[in-house]
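If you read the sequences in order, they're chains A and B.
Numbering follows the numbering used here, with no gaps: position 12 of the first sequence is 12.
Numbering follows the numbering used here, with no gaps: position 88 of the second sequence is 1088.
Mixed in with the good hints there might be a few duds.
Here are the simulated lysine-lysine pairs, DSBU-like style, with alpha carbons at most 30 Å apart [said to hold, decoys possible]:
#1 A:K11 with B:K1042
#2 B:K1056 with A:K78
#3 B:K1067 with A:K57
#4 B:K1002 with A:K57
#5 A:K14 with B:K1042
#6 A:K78 with B:K1067
#7 B:K1070 with B:K1092
#8 B:K1092 with B:K1056
#9 A:K78 with B:K1042
#10 A:K78 with B:K1070
#11 A:K57 with B:K1070
#12 B:K1042 with A:K57
In short, the hints are calculated from the structure, not lab data.
Only a predicted model underlies this, so the values are computations on that prediction, with no experimental measurement involved.
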Amino acid sequence: GAGVSQSPRYKVAKRGQDVALRCDPISGHVSLFWYQQALGQGPEFLTYFQNEAQLDKSGLPSDRFFAERPEGSVSTLKIQRTQQEDSAVYLCASSLRSGVWDTQYFGPGTRLTVL
Amino acid sequence: QKEVEQDPGPLSVPEGAIVSLNCTYSNSAFQYFMWYRQYSRKGPELLMYTYSSGNKEDGRFTAQVDKSSKYISLFIRDSQPSDSATYLCAMKQNTGNQFYFGTGTSLTVIP
Chain A
1 GAGVSQSPRY
11 KVAKRGQDVA
21 LRCDPISGHV
31 SLFWYQQALG
41 QGPEFLTYFQ
51 NEAQLDKSGL
61 PSDRFFAERP
71 EGSVSTLKIQ
81 RTQQEDSAVY
91 LCASSLRSGV
101 WDTQYFGPGT
111 RLTVL
Chain B
1001 QKEVEQDPGP
1011 LSVPEGAIVS
1021 LNCTYSNSAF
1031 QYFMWYRQYS
1041 RKGPELLMYT
1051 YSSGNKEDGR
1061 FTAQVDKSSK
1071 YISLFIRDSQ
1081 PSDSATYLCA
1091 MKQNTGNQFY
1101 FGTGTSLTVI
1111 P
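Chain B with its partners taken away, still in its complex shape (with noise of 0.2 Å):
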């Protein structure tokens, strides 16, 4: 079992939904939670991180982080199709250096 997962998708949306991407985890030691984007043949950026429970709003992208139930969540409201992308769950412990990425999910916004 992977430490991190996430439904691969694909996800298509229309112009202005709400989306809503997921990843679990088995690791209860990890305690920074990061999203990236990833757009293709480029490296991943970073959209937002939290570190341990809670939710971060920034724009249209909120994240939330469930502990108790090693879960994490990445909403985008009002999407658009320059959100059409790979999104990246990433997950660190307090020590060490490794992040561990889940798989990705490929999400589409039809105008």
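This is chain A alone, in the form it adopts within the complex (with noise of 0.2 Å):
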């Protein structure tokens, strides 16, 4: 069946420029999460959604980064006014069940390059 899958794969923006990222999670996940990976570093935790809900946001690096899944299934990340220290790989993370430990299934990430 169909994994995680994420669009863009690449994404080149100018320093200022608002960028959207999108994650297509496995059909019927419950679970949804975003990480940020840095060259060289392991993924670091950015938010998490149960169906529609957006239960944990505590790793938003600051307000110019937004997500939303409005209808429990597709997510988008925003990024507005995105600096150079933006540039990563946007990883979307599923999973089928909530409130316990579950297998995330992982898409192969949005690379960003911000100039």
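Put the two chains together into one complex; each comes in its own frame, and the hints tell you how they fit.
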């Protein structure tokens, strides 16, 4: 079956531009996570959704970062007024259940480069 | 200090060698311990997870957790060139939604 997909795979933005990154989780998966992975680093948690509810956004680095999942399936991570330090791979992961540990399935990521 | 520490390597071994990968952590509340494999330009994929302390074996892979020392290990037996990837450890508390990842160790298995 289809895994987690993300688009675009690569995005180049000029500093100050707004970007929107899309995540299509595995169908039926309740939980959705966004991570930021800087070069040579492990993924860092950004935010978590249970269905359409954003239950944890403690990892979002600033108010320029905004995520939504309005119908409990596709999610969008938006970054306003991009800065060079936002350059990273943004990973999306989904899992079937919520409330307990469950296997997270990761997408291939969107590589964002801010010039 | 980061909550999870992992030696980034790189680590280079000959085919057939036993590989040992390790992570240390500072948060005694961590109860779930995971190992992920990440190939270049791909997302991480779960290899193994362990709840609390103990060992777990799956084929050529063995995961160990020593909570008293706050130390976890992944052993790969009979390493293959296809094992060449970055290996990430990750940890989670019983409550909350955050997974805490190490920086990853880059492994190359030379034929």
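To see whether the hints hold, each was checked on the structure:
Taking the CA atoms of K11 of chain A and K1042 of chain B, the gap is about 16 Å. The hint holds against a cut of 30 Å. With a C-alpha separation of about 40 Å, the suggested pair K1056 of chain B and K78 of chain A falls outside the 30 Å cut-off, and the hint is violated. The suggested pairing of K1067 of chain B with K57 of chain A holds, with an alpha-carbon distance near 29 Å, which does not exceed 30 Å. This hinted pair checks out: K1002 of chain B and K57 of chain A have alpha carbons roughly 20 Å apart, not beyond 30 Å.
A distance of roughly 25 Å separates the Cα atoms of K14 of chain A and K1042 of chain B; the hinted pair therefore holds under the 30 Å criterion. The straight-line distance between the Cα atoms of K78 of chain A and K1067 of chain B is roughly 39 Å, outside the 30 Å bound, and the hint therefore fails. The hinted pair formed by K1070 of chain B and K1092 of chain B meets the criterion: a straight-line CA distance of about 13 Å does not exceed 30 Å. Distance check on the hinted pair: K1092 of chain B and K1056 of chain B sit about 17 Å apart at the alpha-carbon level, within 30 Å; holds.
This hinted pair checks out: K78 of chain A and K1042 of chain B have alpha carbons roughly 21 Å apart, not beyond 30 Å. For the hint pairing K78 of chain A with K1070 of chain B, the CA-to-CA distance comes to about 37 Å; that exceeds 30 Å, so the pair is violated. Simply put, K57 of chain A and K1070 of chain B have alpha-carbon atoms about 27 Å apart, close enough for the 30 Å limit, and the pair holds. As the CA atoms of K1042 of chain B and K57 of chain A are separated by approximately 24 Å, the hinted pair is consistent with the 30 Å bound.
The structure fails to meet hints 2, 6, 10 from the earlier list, while all remaining hints are met.
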